[in-house]
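Residue numbers (the numbering used here), protein chains in the order written: chain F, 401 to 788; chain B, 401 to 788.
Honestly, I wouldn't trust all of these hints.
Since the list can't tell identical chains apart, any single copy or any two copies may satisfy a pair.
Stated by the list, open to error - DSSO-like, lysine-lysine: derived pairs with alpha carbons at most 27 Å apart:
#1 K704 / K663
#2 K612 / K676
#3 K713 / K780
#4 K524 / K612
#5 K552 / K432
#6 K552 / K713
Think of the hints as simulated: they come from the structure by calculation, not from any bench.
Below, each chain spelled out in residue letters.
Protein chains: 2
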Amino acid sequence: MPNQGCRKRLSVSNKTVVQTQYVTFSDDITLKSGARLGPVTVAYETYGQLNTEKSNAILILHAFTGDAHAAFYHEGAKDPGWWDAMIGPGKAFDTNKYFFICPNVLGSCKGTTGPMSVDPKTAKPYGLTFPVITIEDMVDVQKHLLDHLGIKKLLSCAGGSMGGMQAMTWALRYPEMLHSSIVIAACHRHTAQQIAFHEVGRQAVMADPDWKGGNYYGTTVPASGLSLARMIGHITYMSWMSMEQKFGRKLRDKDKLGYDLSKDFEVQSYLEYRGKSFVDRFDANSYLYLTKAMDYFDLAEGRKLGEVFQDVKADLLVISFTSDWLYPSSQSQEMVRALKANDVDVSYVEIKSDYGHDAFLVEFEDQTRVISNYLAKVQKERVLGRNL
Amino acid sequence: MPNQGCRKRLSVSNKTVVQTQYVTFSDDITLKSGARLGPVTVAYETYGQLNTEKSNAILILHAFTGDAHAAFYHEGAKDPGWWDAMIGPGKAFDTNKYFFICPNVLGSCKGTTGPMSVDPKTAKPYGLTFPVITIEDMVDVQKHLLDHLGIKKLLSCAGGSMGGMQAMTWALRYPEMLHSSIVIAACHRHTAQQIAFHEVGRQAVMADPDWKGGNYYGTTVPASGLSLARMIGHITYMSWMSMEQKFGRKLRDKDKLGYDLSKDFEVQSYLEYRGKSFVDRFDANSYLYLTKAMDYFDLAEGRKLGEVFQDVKADLLVISFTSDWLYPSSQSQEMVRALKANDVDVSYVEIKSDYGHDAFLVEFEDQTRVISNYLAKVQKERVLGRNL
Chain F
401 MPNQGCRKRL
411 SVSNKTVVQT
421 QYVTFSDDIT
431 LKSGARLGPV
441 TVAYETYGQL
451 NTEKSNAILI
461 LHAFTGDAHA
471 AFYHEGAKDP
481 GWWDAMIGPG
491 KAFDTNKYFF
501 ICPNVLGSCK
511 GTTGPMSVDP
521 KTAKPYGLTF
531 PVITIEDMVD
541 VQKHLLDHLG
551 IKKLLSCAGG
561 SMGGMQAMTW
571 ALRYPEMLHS
581 SIVIAACHRH
591 TAQQIAFHEV
601 GRQAVMADPD
611 WKGGNYYGTT
621 VPASGLSLAR
631 MIGHITYMSW
641 MSMEQKFGRK
651 LRDKDKLGYD
661 LSKDFEVQSY
671 LEYRGKSFVD
681 RFDANSYLYL
691 TKAMDYFDLA
701 EGRKLGEVFQ
711 DVKADLLVIS
721 FTSDWLYPSS
731 QSQEMVRALK
741 ANDVDVSYVE
751 IKSDYGHDAF
761 LVEFEDQTRV
771 ISNYLAKVQK
781 ERVLGRNL
Chain B
401 MPNQGCRKRL
411 SVSNKTVVQT
421 QYVTFSDDIT
431 LKSGARLGPV
441 TVAYETYGQL
451 NTEKSNAILI
461 LHAFTGDAHA
471 AFYHEGAKDP
481 GWWDAMIGPG
491 KAFDTNKYFF
501 ICPNVLGSCK
511 GTTGPMSVDP
521 KTAKPYGLTF
531 PVITIEDMVD
541 VQKHLLDHLG
551 IKKLLSCAGG
561 SMGGMQAMTW
571 ALRYPEMLHS
581 SIVIAACHRH
591 TAQQIAFHEV
601 GRQAVMADPD
611 WKGGNYYGTT
621 VPASGLSLAR
631 MIGHITYMSW
641 MSMEQKFGRK
651 LRDKDKLGYD
661 LSKDFEVQSY
671 LEYRGKSFVD
681 RFDANSYLYL
691 TKAMDYFDLA
701 EGRKLGEVFQ
711 DVKADLLVIS
721 FTSDWLYPSS
731 QSQEMVRALK
741 ANDVDVSYVE
751 IKSDYGHDAF
761 LVEFEDQTRV
771 ISNYLAKVQK
781 ERVLGRNL
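Here chain F stands alone, though its shape is the one from the complex (with noise of 0.2 Å):
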């Protein structure tokens, strides 16, 4: 009775307690620009264990804003990682089963090398010294990172949004070092659209006085530019049927209009309440690098999407959602027709929610139910069905 094992499992009330784990990389890497940047630090957690083949590795990739802690608890935290209903015994990403990495991407904030870090050639932070990355390059990062702890092929890699792009850029560009990709709520290249909210996101963080052509550390942070910039992108996560649930014209603490210029409607102080409560979280600059490595993701660069795709050996698991209008369904569609069209076996789930974007960090019963049969069938078919 499994079932009832995993039930037992997620029912303990003894938190398990993990920790980050560090590792600098001394020499310089080659960015896509051509710049060199070094030494690189990456964050990561593990999460499982690693079998004897290490053939049960599978990398975890987070999202815009996330970090490297994506499941269990830190010594005395209240809540666990961002990913953790997915992450853990029995559940979508089975740890009983499974080895997870999941690295902080470069250019953030959370432990690896990013704007915020010191450059140890001026002994301050680097600011907009910091060279522009892209998705390549934190998932050549990544690639460090495995080769460091000896793992010469992924089972699988796995995120949602930018993590997405990660995933679906590493089916390309180490084709032979996974058996498989899961990219959720993703694209293959940002639209213009896309570009566009991030550069609004951009220009608040950039107009606020305290950003200072990023040289704001250890002073004032731009606490009102980047928080504003995270009210837009909160509004392009939720689904316009979200935000009519959660709010409607739900009035804030009144009990009718105020009739002047104040917050009179609820979501106005939850859409502040998520700008303010960011700014304790995130990097002002990590969000302008970040947003910018998206803006460059364009696996195909002018070429034909099918051609691209010539290359992947990988399987893939694309999942989008119904009400996601950041990362619509019909470009996950796109991505899935062009990797049929060369022979790529893939699957290719929509799964129905009102939560737009957002869902791939809510819908976890769904998204369990695929992405753990989606990955007993990889190990069944690529990894035990090889060593038969």
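Following the hints, complete the assembly by docking chain B onto the known chain F.
Relative to the frame of chain F, chain B by itself:
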């Protein structure tokens, strides 16, 4: 051969010149909030001839940042009014047949009293001492204008977006005063997402240090905040598809990516251009007041839409556009269902378009066919029919 006649008229090289007129109502008006405001000046234009029975008057209601100059040319101007393609001899709103009045709305900055107008009590611009206004208040001021012009009953009123909200409000607030109303790309209430987009626009304006609590008149205007607000708005006015068709990933004066934080893509500089040029033509405080008026827009206000529509006496034409995601067709359809349930004579047309919310300012051919036929029908059934 009416079509040929029409073409001839459209091709004449002599531009018809029109002037904005002004009328000031010296008595205070009472606003929905209970506040009083006066004197109120209204800027308006008229086109065509009012017939002796005064039965051919149509009120043209502009959108958010529009003005009284809907058609023809101002003296020496290169460009015509904002809906010139729709208003004129032989056009959708045919100036050979009907008499049009287009007033600038209360709270705007285009001649009608608004926050940048001088408060006679202080001899200074109102700024934030201007009272918060509603769509209902705009309509009430328009009613004063019609009284002033001696028009007791409108053949129709018509507008897109915020103009459509006014057109809907006319049908409820002065049911005896109009035969029909044409509601384009609008809604019966602002949703959480619509409020949210307005909120981030307002926050962008108010975060600009040059806004100075609204007291910037005579000093530097909050250009960067207002520009950013417009950029955000502009994304919502276009569709995913129209942005993709117009810009896609086209680079701006570059043959490759810059790998820096500057603008690489055309869509970035286009948005910046739209933002900056908006600052030259619109007042930041009006931006706050008019977005607030729209956010307050809710015809039902806690009651059932069906109840509210019981008093409608006008015929209605509701038009929406397939790719309009800011005021989606579903909102128009909800309105149409409630109107039909109350036996209101309502026609609904969903026009196929890739232009998003902007479609009402772009899709002239389909709108012309629908509106010109509709107005002929209303005149025949409700005006001429009654005289027989």
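Taking the hints in turn, this is what the structure says about them:
no.	hint	verdict
1	K704 / K663	between (48 Å within a copy, 25 Å between copies)
2	K612 / K676	both (19 Å within a copy, 21 Å between copies)
3	K713 / K780	within (17 Å within a copy, 69 Å between copies)
4	K524 / K612	within (15 Å within a copy, 35 Å between copies)
5	K552 / K432	within (23 Å within a copy, 70 Å between copies)
6	K552 / K713	within (15 Å within a copy, 75 Å between copies)
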